[in-house]
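Protein chains in written order, with the numbering used here: chain A, 438 to 691; chain B, 438 to 691; chain C, 438 to 691; chain D, 438 to 691.
A portion of the hints provided could be inaccurate.
[As the list claims (entries may be wrong)] Simulated restraints, written as ranges between beta carbons of each label pair: (1) R627(C) to E505(A): 48 to 58 Å; (2) D509(D) to K600(A): 22 to 32 Å; (3) S474(C) to R450(B): 26 to 36 Å.
Since the hints were derived computationally from the structure, they do not count as laboratory data.
These figures come from a predicted structure and were not determined experimentally.
Glycine included, C-beta positions come from ideal geometry on N, C-alpha and C.
Protein chains: 4
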Amino acid sequence: MKMMKVGLIGFGRTGKAVASVILDNPDICLEWVMRKSHILEHRSVPEFLGIESREPGFIHSIDEFTAEGLLDHLPVDVIIDFSSATGIHYYGKAAADQGVTIVSAISHYEQSEIEVLHTLAEKTRVLWSPNITVGINFMITAAKVLRRITPDTDIEIIEEHFKGKTGASGTALRIASELNVEACEVRSIRAGGIIGTHEILFGFPFQTVRLRHESISREAFGKGAMFAAEHLIDKPNGLYRMEDLMLPYFGSSE
Amino acid sequence: MKMMKVGLIGFGRTGKAVASVILDNPDICLEWVMRKSHILEHRSVPEFLGIESREPGFIHSIDEFTAEGLLDHLPVDVIIDFSSATGIHYYGKAAADQGVTIVSAISHYEQSEIEVLHTLAEKTRVLWSPNITVGINFMITAAKVLRRITPDTDIEIIEEHFKGKTGASGTALRIASELNVEACEVRSIRAGGIIGTHEILFGFPFQTVRLRHESISREAFGKGAMFAAEHLIDKPNGLYRMEDLMLPYFGSSE
Amino acid sequence: MKMMKVGLIGFGRTGKAVASVILDNPDICLEWVMRKSHILEHRSVPEFLGIESREPGFIHSIDEFTAEGLLDHLPVDVIIDFSSATGIHYYGKAAADQGVTIVSAISHYEQSEIEVLHTLAEKTRVLWSPNITVGINFMITAAKVLRRITPDTDIEIIEEHFKGKTGASGTALRIASELNVEACEVRSIRAGGIIGTHEILFGFPFQTVRLRHESISREAFGKGAMFAAEHLIDKPNGLYRMEDLMLPYFGSSE
Amino acid sequence: MKMMKVGLIGFGRTGKAVASVILDNPDICLEWVMRKSHILEHRSVPEFLGIESREPGFIHSIDEFTAEGLLDHLPVDVIIDFSSATGIHYYGKAAADQGVTIVSAISHYEQSEIEVLHTLAEKTRVLWSPNITVGINFMITAAKVLRRITPDTDIEIIEEHFKGKTGASGTALRIASELNVEACEVRSIRAGGIIGTHEILFGFPFQTVRLRHESISREAFGKGAMFAAEHLIDKPNGLYRMEDLMLPYFGSSE
């Protein structure tokens, strides 16, 4: 099997963690990292992260290349985007024109950007997932199944994060929206340095079922992006959610 | 819609709890309870349980009727069996001959009795579930999905019960068997009066997912038996597991 | 050691559970149950509860005896009160005059009744605890210790109960008050048939400590009342909280 | 108040985390770090860790100074030891002779080294705690209280760590030993990347109490060492455990 070549957009704290996961995966090659800032320009990713790897990955800034130029010069199969909502304007059209798969983990897009995604999805495979971990997306998909099985069961969504975090977590709000729970019903616990937990509690009259996700570190986003990239590779063009990639596993019996 | 008529075999502690759940369901009518013991014979079930209900349900003993006689005299759509492994020999053939659906919640059958179930399943719908709650069966089905999605993830099964309970719980052993975890790997906590919890922990490198089931009371078995009865009603003849009835909910997208 | 004689005021659902715990304790004798209602009058408590016991305990109604008459006729060492806020007016003075220990588990007293308790406490040992379980009172006392050790640590109070329960639980509000947490900060989860859990979460920057209490059944109140009765027996007159009886265990080193 | 001056022995992963916590505390000054290795020699600790601080702290190796020389040249109030069991032989006598407080977080000492601690404790304050976090030590002390209150209650100790960790955790074994639970009774869960949790479960007949500690990062050890240093400062010479420093908080009522 040919090794999958990946380009990474964004190199903040999460981007760095994602890069380390990609470098750690022998089936996937990190071709390049593209970021807005000139800091770290032309540094080698494995060297910067202190990871032994023979993968080429160098860090570039968007002033250096157009996306067309970058993809011509250093072609990839997949672009993974952990930058910001505007990143898509830089690379979207070039990626779609060349049939490069797009995996976007941007937290929030404006409606206009969502429309861009739809347009790009006519020419390539596009996945957008605001929380791209396998655990959270499995949990949401499973919770929707349980709600279909027992539509009248009480659902509570409880999330815990570090003290400073304001507002309910974006992930909790997305869980609420997927399960038709009012956003204001999410219970947010804020204390100390808790990294992040999300619990979906189903209260039956005579039993309780809890689906609980505990974050350990942001590398989980890298694992989720890998999962997405690997599962999109042979799919037809279109706009996908993580749930779409998981549903085949839900359908079969063994 | 015609009301579903149910006969209940077995009237121990769990049988009584199941009867109370059936009486509480306005769409299902408890026609009779059949038990081995002569104690409570000819008592009315609602009166005995102190539940207001216009359902007829009287308690009979197996010495009073053959199963054929019982089903002729007081026909039902479904037989729910919370008695013991040998109960099936009393009512199985008569039920199958009349096309009565069989829902068995017996904990353990010998191989010979499992063969009987297969034979009966040629003539009617037969479901056997050793732990017939909706929560546990959902959890097992969901856990099998997650294992298919991430086959290499570490799985731990932890169960908690009251101090006196010896050996790992039957439910935990079944979870282990369904997930290809060694039975000896189940972690059993025994303390005080804990009613019963089962947790399936998926340990990823950077995140943890816990599926946790907490029992509140044995009425949960009644709810599960109702779920089974309602979902079997329009199915073809055959031998079913709870998982088979849940899978359609897993397959669809919304 | 002489066996402790106990009289129980109140015989609702909790009172019955408390009676069963007293009957089960070979060191304590249930002399009588006193209640407002005439229902069950002159029934034997062990017989009514289906418990084998040689203890005399009969059920009386307050119309039958004055408290003085009752205590003369059937003297006890301790009165345990699971009735209502007004119960104290029936038996308080008579008990104090005879030096009978009073253990009150009433949820809420008006200020005037609290003053009555103070007056009675000049003549006998009086304990009032709105949630008299050993577990909850240990947890509150321990949490106050941890708050003294680390006064700046974030505290969150989370309680879970069945769907219908309105408002934060009285126990959660008491925990909040003891820990100087705003009542409105208590997080209340309401779902299905959850019996009751209370969690006090201490969020440190680099670690989390959770003190969690899970109720199984109301018999826990009986165990707590026994604990109180046994620990008050050799105390001087005065008004006590459960915490006062627990503190000696906190102080010693081994 | 004069600022407390601290010297740190050991600069492995935990030592570095501890140093960052000390630098972050405005009331405590990190005078120096002493380690075996020559790597990083003469680097500034704040600069190496990327922390802004005006504290002097430079890194030295034990070949550079005798402990007497070091303490003459760069005197401190407290030595905090996160090195290894043999570290005490380097600095112990010099520290005791000068009355410098010793806080040792070494996991395991041989009997001969424990005797050294006792000898040093005649001349200065010595604290040894194998898991020096505030959370774990509070939990052990509180659990011992609850065991004294209810000596017959079932206790279960459950710990969770990352997959590779072999054997029960040292902390769990210490909890077991403090609570007279057999070491083989500790339940060890091993899965994925779990940082570390310890739960002490008290199972009562009608209620359950769980004391649960969740580790977030090793900086917690630094906080615990600070707690120890600050509480030892005005104590008489002697050998202390963390529990000894916590007990005064347990004893008082408000």
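Now the hints, each set against the structure:
The beta-carbon spacing between R627(C) and E505(A), approximately 56 Å, falls within the hinted interval of 48 to 58 Å. Range check, D509(D) to K600(A): about 43 Å between beta-carbon atoms, so the 22 to 32 Å window is missed. Separation of S474(C) from R450(B) is about 29 Å and conforms to the stated range, judged on CB atoms against 26 to 36 Å.
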